[in-house]
Every structure is written in C-alpha cells, then in structure tokens.
Amino acid sequence: MTQALIELSDLSFSWPGHPPLLDIPAFRLEAGETLFLKGPSGSGKTTLLGLLGGVQKPDHGSVRLLGQELTELSAGARDRFRVDHTGYIFQQFNLLPFLSVRENVELPCHFSKLRAGRAVQRHGSVDQAAATLLAHLGLKDPELLNRRADSLSIGQQQRVAAARALIGQPELVIADEPTSALDYDAREAFIRLLFAECREAGASLLFVSHDQSLAPLFDRNLSLAELNRAATPAEV
Amino acid sequence: MYLFRLAMASLANRRFTAILTAFAIALSVCLLLAVERVRTEARTSFASTISGTDLIVGARSGSVNLLLYSVFRIGNATNNIRWDSFEHFANSPKVKWAIPISLGDSHRGYRVMGTTEAYFEHYQYGHQQSLQLASGRAFASDPFEVVLGAEVADALHYKLGDKLVLAHGVAAISLVKHDDKPFSVVGILKRTGTPVDRTLHISLGGMEAIHIDWHNGVPAHGAGRISADQARNMDLAPQAITAFMLGLNSKIATFAVQREINEFRGEPMLAILPGVALQELWSLMGTAEKALFVVSLFVVLTGLIGMLTAILTSLNERRREMAILRSVGARPWHIATLLVLEAFALALFGVLAGLGLLYLCIAVAQGYVQSTYGLYLPLAWPSEYEWTLLGGILIAALLMGSVPAWRAYRQSLADGLSIRL
Numbered sequence: 002m003t004q005a006l007i008e009l010s011d012l013s014f015s016w017p018g019h020p021p022l023l024d025i026p027a028f029r030l031e032a033g034e035t036l037f038l039k040g041p042s043g044s045g046k047t048t049l050l051g052l053l054g055g056v057q058k059p060d061h062g063s064v065r066l067l068g069q070e071l072t073e074l075s076a077g078a079r080d081r082f083r084v085d086h087t088g089y090i091f092q093q094f095n096l097l098p099f100l101s102v103r104e105n106v107e108l109p110c111h112f113s114k115l116r117a118g119r120a121v122q123r124h125g126s127v128d129q130a131a132a133t134l135l136a137h138l139g140l141k142d143p144e145l146l147n148r149r150a151d152s153l154s155i156g157q158q159q160r161v162a163a164a165r166a167l168i169g170q171p172e173l174v175i176a177d178e179p180t181s182a183l184d185y186d187a188r189e190a191f192i193r194l195l196f197a198e199c200r201e202a203g204a205s206l207l208f209v210s211h212d213q214s215l216a217p218l219f220d221r222n223l224s225l226a227e228l229n230r231a232a233t234p235a236e237v
Numbered sequence: 008m009y010l011f012r013l014a015m016a017s018l019a020n021r022r023f024t025a026i027l028t029a030f031a032i033a034l035s036v037c038l039l040l041a042v043e044r045v046r047t048e049a050r051t052s053f054a055s056t057i058s059g060t061d062l063i064v065g066a067r068s069g070s071v072n073l074l075l076y077s078v079f080r081i082g083n084a085t086n087n088i089r090w091d092s093f094e095h096f097a098n099s100p101k102v103k104w105a106i107p108i109s110l111g112d113s114h115r116g117y118r119v120m121g122t123t124e125a126y127f128e129h130y131q132y133g134h135q136q137s138l139q140l141a142s143g144r145a146f147a148s149d150p151f152e153v154v155l156g157a158e159v160a161d162a163l164h165y166k167l168g169d170k171l172v173l174a175h176g177v178a179a180i181s182l183v184k185h186d187d188k189p190f191s192v193v194g195i196l197k198r199t200g201t202p203v204d205r206t207l208h209i210s211l212g213g214m215e216a217i218h219i220d221w222h223n224g225v226p227a228h229g230a231g232r233i234s235a236d237q238a239r240n241m242d243l244a245p246q247a248i249t250a251f252m253l254g255l256n257s258k259i260a261t262f263a264v265q266r267e268i269n270e271f272r273g274e275p276m277l278a279i280l281p282g283v284a285l286q287e288l289w290s291l292m293g294t295a296e297k298a299l300f301v302v303s304l305f306v307v308l309t310g311l312i313g314m315l316t317a318i319l320t321s322l323n324e325r326r327r328e329m330a331i332l333r334s335v336g337a338r339p340w341h342i343a344t345l346l347v348l349e350a351f352a353l354a355l356f357g358v359l360a361g362l363g364l365l366y367l368c369i370a371v372a373q374g375y376v377q378s379t380y381g382l383y384l385p386l387a388w389p390s391e392y393e394w395t396l397l398g399g400i401l402i403a404a405l406l407m408g409s410v411p412a413w414r415a416y417r418q419s420l421a422d423g424l425s426i427r428l
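In the order they appear, the protein sequences are chains E and C. For the first sequence, the working numbering gives the first residue as 2, with consecutive numbering after it. For the second sequence, the working numbering gives the first residue as 8, with consecutive numbering after it.
Note that these hints are calculated values from the structure, not bench results. Quick reminder that beta carbons are idealized off the backbone N, C-alpha and C, glycines included. Be aware that a few hints might be false.
Stated by the list, open to error - Simulated restraints on C-beta separations:
| no. | chain 1 | residue 1 | chain 2 | residue 2 | range |
| --- | --- | --- | --- | --- | --- |
| 1 | C | Tyr9 | E | Ala231 | 40 to 46 angstroms |
| 2 | C | Phe11 | E | Phe196 | 36 to 42 angstroms |
| 3 | E | Ala136 | C | Gly399 | 48 to 54 angstroms |
| 4 | E | Asp151 | C | Phe53 | 56 to 62 angstroms |
| 5 | E | Lys141 | C | Ser390 | 55 to 61 angstroms |
| 6 | C | Val301 | E | Gly156 | 58 to 64 angstroms |
| 7 | E | Lys58 | C | Ala387 | 58 to 64 angstroms |
Said to hold, decoys possible - Just so you have them, the derived chain E footprint on chain C, three or more residues with Cβ under 8 angstroms:
| no. | segment |
| --- | --- |
| 8 | 113-124 |
| 9 | 215-221 |
Please build the complete structure, drawing on both the sequences and the hints.
What follows is the structure, encoded as structure tokens:
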C-alpha cells in the first residue's frame, strides 16, 4: 500500500466546554486523488480543515500529512509544514485587496522557501510561475497582473486564489466552498480548471462543499457525516 | 523586508487614517523640536551676550540686577559710582582695559549708553567677537556724536548724518527731552544679536554735556541754560558713572581683583563674574523653559497614543487580512511583526514629516524671529541631542506597537485560517 497523502486515525476533537465535534476512526486521501467532502455548515468542516492545517491539535488520535505526524510538531513547525505542502482556497475575499494580482499569487513563496524553490525550478522565476499559472487559469492579460486584486470580478478573484494555492506545487490543495459565490456555469468551469492544474502539478484536491451538484465531477465522494461518528443522526 | 513591504501596502490601503495619524505625530515632533531649538538658541545667545569681560562692577546691589542693567539694558542702577573709584581700578596694574558705562537716558524706547572708545575696542560678545561698524566711525572728540546699534538704526530708519534728540529717563514716552542738544549719527554697528543692537552709544562727554545745566534732576530755565556750543567748550569730565567692565591681564587675578573691589573702602561696590551671573539669571528663567519642554514631550506622547488607538481600532476589521496571511504561511509572529512595523513606519513618517515641517517653519520665520526676538534659529542639521529625542520617539513607537502586535498575535492564533463573514 502506497503512502497516503492524508491519513487520519482515531481522531477526536472537541472545543473546550462543548460535546465532541469530530470523532473520525479512519480517513485517507491518496496522492493525486480528487475528493469531494460534503458537509453542511456547522458540521465541523472548518475544524477538520484546521486540524489538517495544523492550526488546531486533536484531543487524541493521529493526523499524518505525507507521512509526517502533525501532532508531534511544534506550532511553528506545523505552520511551516502547512505552507510547504498545502495550498488553500476559501469561499470569497481570499485575496489581500491592497496587493496586485501577481503579488497575491506569489504570497506563499515569501513564506515557504520550498515552494519558492520549486516555482523557480519549474518556471525559471516566481514571477514567471505566477504568470504561467494565471494564464492557465484564463487570466492571460499581462496588464491584469499588476492591477489591484479587488478590481477583479469575483470569478477572476477565485481563479487568482487557485493560482496562489497551486504556486510552488504543494502536494495538497484544500478548497473550502470556493465556488459558493459563483453561478453554476462558472462553478463547473472553475472546477475543471482546478482539476487540470492539480493534475499538472500532481496535487491532491480536498474539496469541501455543501453543494452536491458538483460531486459527480470528482474521483471520490464522501460525506463528513458518514465519516464522523460524533455527527448527529439527523445529519446523516 | 518583505514584511515591511506588506506593512506599507496595508498602510497605503488605509492611507487616510494613516496620513492623519502620521500628521498628528509630525505636528508633535515639530513642536518638540521647535521648543528644543528655541530653548537651545535662547540659552546660547543668552550665554554669548557678553564674553571676554572678566568683571562687571557697579554700585552694591544684587549681581543679577547689575548684570541686567549693565549688559541687558533692563532695569536701573540703584546708585552711581564715582569717577575716581573707576580710575582707581582702571589704572591698576592688574587691569588690561576698562570700559566705563553711564546709563539713564533713552531715545524712543531704546537705551542710551555713555561710554568711551575703549568700548568699541574691547567689548566682546559671542565667541570673542568684537563690535564692528557697518558704516561710519566711532564717536570722536565732539560730544554730540552717536553710534547706533543695528536694530535702532533699522527700526527707526536712521542713517549717517541724521540728527536725533535724546530723552531724559528710560520710559518709552518721555516728557523731558534734551532737545536743545541734538546728536548726529556718525556710525552704525553691525548686528550682534545681543542688547548692543538696541543701544545708542554716546561719549561720556556727551552724556555729561546734555546734563550740564541740570540741577537736582530738572533742566535749568532761562539764563541758566547752556547751549550745545557753550557746552563744547566746557570741561566735560564725568563725575560719576553707572558701572564699568574690566579686562584683566591674567585670569588668575580675577578673584583677587573681585575681592579688592568688593572690599574697596572708597564706596560700596560690587564686582561680578559675568559667566556666573549669567548662569544665575538663566537658572531663574530655566523653569519656564523646562516646563515648555515637558509640555511638548506630552504632546508627542498624545500623538503616539493617537497612533496606538488608530492601530488598535483597525485590528478587528483586519482579521480577514490576518487570516489570509496565515493561510499563505505567515506565522503568528509574522503578524505581530507586521503590526510593530506598521507602528514604526507611522512614527518614522511622522518624525520625517515633523522635521520637514520644522525646517519649513524655520525657513519662513527665521527673519521675523531674529528681528523681533533677537534669536537666530539656524536651519541646521539636527543636533546629537535632537537625534536622541527622535530616536526616543521611534523607540516609544516600537514599544507602543507591541500592544496591538500582542493582540493580533493572540487573535490570529484563535482565528486560525478562516474567518467567518
């Protein structure tokens, strides 16, 4: 059996003073896999992503990313590990409005030497990597690169966020409701672009959404409620 | 460096608040430096009012009083000293030069001083600078000649050859004038930035001549009057003077001569060391100057607290910014550093703008301040002390920046990567 990209086992988590929110006996995400994780808001999605990012620590159990046990790392090391190996795309307002499109895309390279190094290795320079990724995602106009991020349409902004998640080839891309602000046609187009880029970069995609209509596009479908023993029956 | 660039971009995004905050700091910095500069210059110009003189001698009174009327032309002597007392010390072998001073008259608010040629030769101010004539010459044998200080000539528009009438007493508006004996302007001194600029200098003979027909403080009437021409032919040797200044052959003798004068049996006299008396006088005025300085320090503190408030209030609306930065790999200490840098940058802009504002103000007001208050404010590079003050402001800003930095650090740990809408 090859090494899983993400491997959770026997994981449980609860916020202080609250009943257990997550209790996941086992979960795997294979390298290169695209997974649709369905979960309504309040089901512990964001918390799960926090655990995968090393922002939160589980009460017990193990979180392995690329074979590395996150719970054994210090907070600073988890932060470094996260940026080296994970790209994030969020719902909306993902970008720093006061930076240019190009600067937004290049942000992770300033905090991760590993990703900056990979971007340079593959594209010659970080600038070139950003321009190439944006062009693949349909933002070809070079003039656009230097515009302020908040001057773009929401659809364009989400593509910039995708380019940012992908720059420097992290092994994992986590997308948290990235399409909720887009209309249906744009959603599908966005996801196809995202798939293509993840494949090109060899990244796995963990896509979290409550929008079931997108599920058939993915390699695999999962509901958080099925995964999570702490979920109330109503959610299943 | 990249964090600094991020902090700048974020500040630029909030430029209106940022500019206002920096401007408040700039104003306070400008005020602090202006107060500091005026203070320093006032002290320097004060200390350099007189130099090279070893002793000032007058009738026995207080040392500050003597200094005030003999050097600053403020207040009046309590008593005169006799001419022969002056001569006794002027001819002492320890004395290199002596300048007699006779005060008591004025001209349109400016004091008149009777003295001798020795004054132009030996009196020094600043860094051993002697008096210099801008035009004309020192007064000579004719008693009715006057040499004007620079400000007197400027303010009253006198030029060489003009005639002017002295008034008895030192009140700004004098009812009794020496109008029977007009003086002609023979020389105008270069500006010194000292009370010399505000003085009219006449010879002791001239001083004697205008009072020759006076008895018991009132002018003579009718036949008793003596005309200017008559006075020229009379013996104008003075009987009394107000004070005198001494230069000694050896500085070491200063205390000995001082004691000799203070213990002089001929009449009660007081000899003071100008430097010591200046110190004493300055310490009287120093309190006000220190108070002003403390007030301006508090104004700077107010500016910095304004900055702190502005940054703290921005924190909440910037949670998203922090969360995005966390998601692209910024660690909590990066976030904290960003906020410290922001505070530092605001203070730095404030300090630089404050310096600019200061120089602008000095450039605009320099001439006015010099002519009105006799203070020369140099457009000079900041002094070491001023740099220390500015450095202190920046360090204070860094310390204050650590308050929002700490809050943002906690906040970004709690918020993690996502922030709900």
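Which numbered hints are broken by the structure, listed smallest first? Violated: hints 8 and 9.
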